[in-house]
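Chemist: Construct all of the structure, not just a fragment, from the sequences and the given hints.
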Amino acid sequence: MKASSLLQYRKDPRVIITAPLLIFTATSLVYYLIQQAKELSPEALSSRVLLFVLWNINLILILGIVFVLLRGVVKLVLERQRGILGSRFRSKLVATYVITSLLPIGLLFFVATDLLRVSIDRWFNTPVRALLQNSEAIAQAAQNRTAGEAESAAREIAEAVQLRGSADLEKDVSHVLRFHNVDLAGLYEKGIIVRLSTNPRAPIDELPEPSTRFFEEVLSTGWGRKMDIGPQGKWIRHAVRVRGPSGEQVAMAGVFLPNNISRLIDANIIAHKHFQQLDSQRAALKASQTSLFLTVTLSILFGVLWTSMYASRRITGPVRALAEGTSVLAAGGYGHRIQMKAADEFGTLIDSFNKMASQLESQRGELTESNTEMQSVNRRLDQERAYLSTVLESVSTGIMAFNDQLELLSINRAAIAMLNIAQPPGGAKLGGLLPDELASLREHLMGLKEQQPSSRELTIVRAGELRHLEVSAARLNEPGRGGWVVAIEDLTELVKAQKLAAWSEAARRIAHEIKNPLTPIQLSAERIARKFRNNDPGTAAAVEEGCQTIVAEVRHLKTMVDEFSRFARMPAIHLRQTNLSQIFEEVARLYRDIKPGVTVRTIADPTLEVVLDREQIRRALVNLLDNAIEATERGEILLSGELSSRGLLIKVQDPGRGIPETDKERLFLPHFSTKREGTGLGLAIVHRIVHDHDGRITVYDNRPAGTRFEIEIPV
Amino acid sequence: MIAVRFDLTNASARQDIITSLQSGLPTAFTYEIQLIRKRPNWFDEGVAEARLEMICTFNSLTQEYLLNYRRDRRLVRSEVLRDLPTLMKKMTSISEERLFSTGRYRPQKLVVRARASLTQGYLLHVVPWQETTSWKQVRVRSEER
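These protein sequences, in sequence, are chains A and B.
Counting in our numbering, the first sequence runs without a single skipped number right up to 715 at its last residue.
Counting in our numbering, the second sequence runs without a single skipped number right up to 860 at its last residue.
What the hints contain is simulated information worked out from the structure, not anything from laboratory work.
C-beta atoms are modelled at their ideal positions from N, C-alpha and C, and glycine is treated no differently.
Mixed in with the good hints there might be a few duds.
What the hints assert, rightly or not - Which residues of chain A face chain B? A few of them, derived with a C-beta cut under 10 Å, are:
no.	residue
1	ARG48
2	LEU51
3	THR113
4	GLU136
5	GLN140
6	ARG213
7	ARG225
8	LYS234
9	HIS272
10	GLN276
11	GLN277
12	ALA283
13	LEU294
14	GLU373
Modeler: In structure tokens, the structure reads:
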């Protein structure tokens, strides 16, 4: 039965009304039968009809029990074979019900029926039997004695008739009536009264005449006895055959026992006969009582069995529904709900299950949505990662990523090519990744400590070739996952191009600078030659002036060549511990009071010791101050130095005319100068010195006016 | 016509039957008599059957036994007896002169069988069980008159 139909069945008001009504009716019927059985005679109790009815009822009940039991067992076996949930629990429940009901009911039946049979046997084994036997014997003796008197009287009449014939019949009959204490005496012939005398006190009117058959029996057997019961008492008549002269006759005498005596006699006889009847019906009585008891027992058993099956179904219904629901839920059927309603704890359980299923369904939906969204995000991330990977693989810039433990996270193809290394495995240590040839790069990367982005140009030799690299590092600031992203730009070609351009420019400048003195030299030589050819009187003066000009220009050329030679022969730096404040003072002293209105001030910690090439730095600062003095008409030139997070920071600020933006790009190129007399090598030398210290120099506009040079040197 | 005669032995010696007879309860001996035709290697064919009942009721007040003789559930005759031996003889001796007709069958092919049902017992004190003798049968034979 399905849960919904079971629910309807349970809630059907007809069942609710009919079931108690049937139970009440059956109980009333049994009670009525028991009450009626008390009034039934032993014959009725032991009648075959009653036993037949009871046996058939019992048979029907037994068949009903067997049917209910077999049906239940077969259904349970089939349910267990089909693996229907709850069948095992129901089997145990039914078995428990049946055993716990069968045992007491069976025990009660066997004990009670045995007790009943023993009690019935005990009824017939009491002294009542002897008492009734004796009573009947006494009554029979009294009746026999009376019958004996009638027999004596009849025989005397018969003897008298045989002796004397019918001559003195009246006298003989009267004599017998008087002396034998009988109430009736007479002679019959062929069933007709010949002579009959009666006691006037006896109710002769209620005495029927003997039947012809009686007379025939007397004549055939020689005697006969007849008892007739009338309203006032009992007649006992005895007849004997008489073979007289006139043929066969019947002599008869009778005694009347009035009711007060005859009823006593009859009562005794009847009492014993009833007892005998009961005794002979003992087996039937036991059978009827046992059958009646069996009927009640089987009815109870049937009811208990049916109820146990029904109750087990009711109890296991919710359990089964819950088990099935759980199974469906476990299989992923989150939309499953138990429709069964119950008012007991099962109802609470079912409600809880349905709530849990709803929550699971809701959470499942949310998870599915979240999963779909995550899949979408993952797909997008994969696409972005692939795109990023493609971009990284496509760019010419080498990209490497490290974690804080300097383990390689990723490296692109361009970086591998630039560094000329084999494809490293993920997680490779930086120390093992870069060979000794790249020691400068390795040391630079291993020295990354700052949070700020850093950039540095490195020159390395790979495969016998000089390479110029710009290494920029930026901090990875992912939560819980720090590290560095390093971008390596190969500047070799750019540097080559820049050098080529610089030398082109330098050549052009040199050519220009050489050309400039050549013109006065040429003009002086031509003037001297013309003067000399024309014998001009001013020849000597012209020679003098021309020679002076030529010498001056040649000297200028020589100076310029010396400067270039010096620039070309820049010595290697020699680093040592140096007091920065002292260098500042030495340089500033050279330029104090050199130009009216222009002052030089230095700011530096007198105790600050740094590692650098003292002479080279001093030379760079002289060049910078030289330019600052030249560019400043009035004001203070400030030379300051301090340690910052990026190393030693040296600033040279002047309030001069400043540098146009267009000139800033070429400022550090060799032989670029905005001065008429400048060689254009001063700032190029400064740039070279700073570069040799692995530092960098940057030019800014000073506020409110002028120029500011910042030199950063790692310490 | 077929006359049937037989005696039920040992019934008068049983005290339970005597007690039942003298208790005044109706006590019945039922005889089932069948006339069958024997068929070799096949089921016997029933030709005719009769049911005889001897029902005795004792009147303890008049000390008389009323014996009703029924055939096929119809009362044929009644008689009053006063002594038990005569009664038992009447109830256990069956003599029916014209019980069956041979009809179209040859007498030598016919068999008469009979059994008697006496008192009722109860199996396990509950299940009614009729005490019945086994079937006794004799072949029909012609009798010279």
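Chemist: Hints first: check each against the structure and report whether it holds.
Modeler: Now the hints, each set against the structure:
no.: 1; hint: ARG48; in the structure: 7 Å, holds
no.: 2; hint: LEU51; in the structure: 5 Å, holds
no.: 3; hint: THR113; in the structure: 7 Å, holds
no.: 4; hint: GLU136; in the structure: 8 Å, holds
no.: 5; hint: GLN140; in the structure: 8 Å, holds
no.: 6; hint: ARG213; in the structure: 9 Å, holds
no.: 7; hint: ARG225; in the structure: 8 Å, holds
no.: 8; hint: LYS234; in the structure: 8 Å, holds
no.: 9; hint: HIS272; in the structure: 8 Å, holds
no.: 10; hint: GLN276; in the structure: 4 Å, holds
no.: 11; hint: GLN277; in the structure: 4 Å, holds
no.: 12; hint: ALA283; in the structure: 5 Å, holds
no.: 13; hint: LEU294; in the structure: 6 Å, holds
no.: 14; hint: GLU373; in the structure: 80 Å, violated
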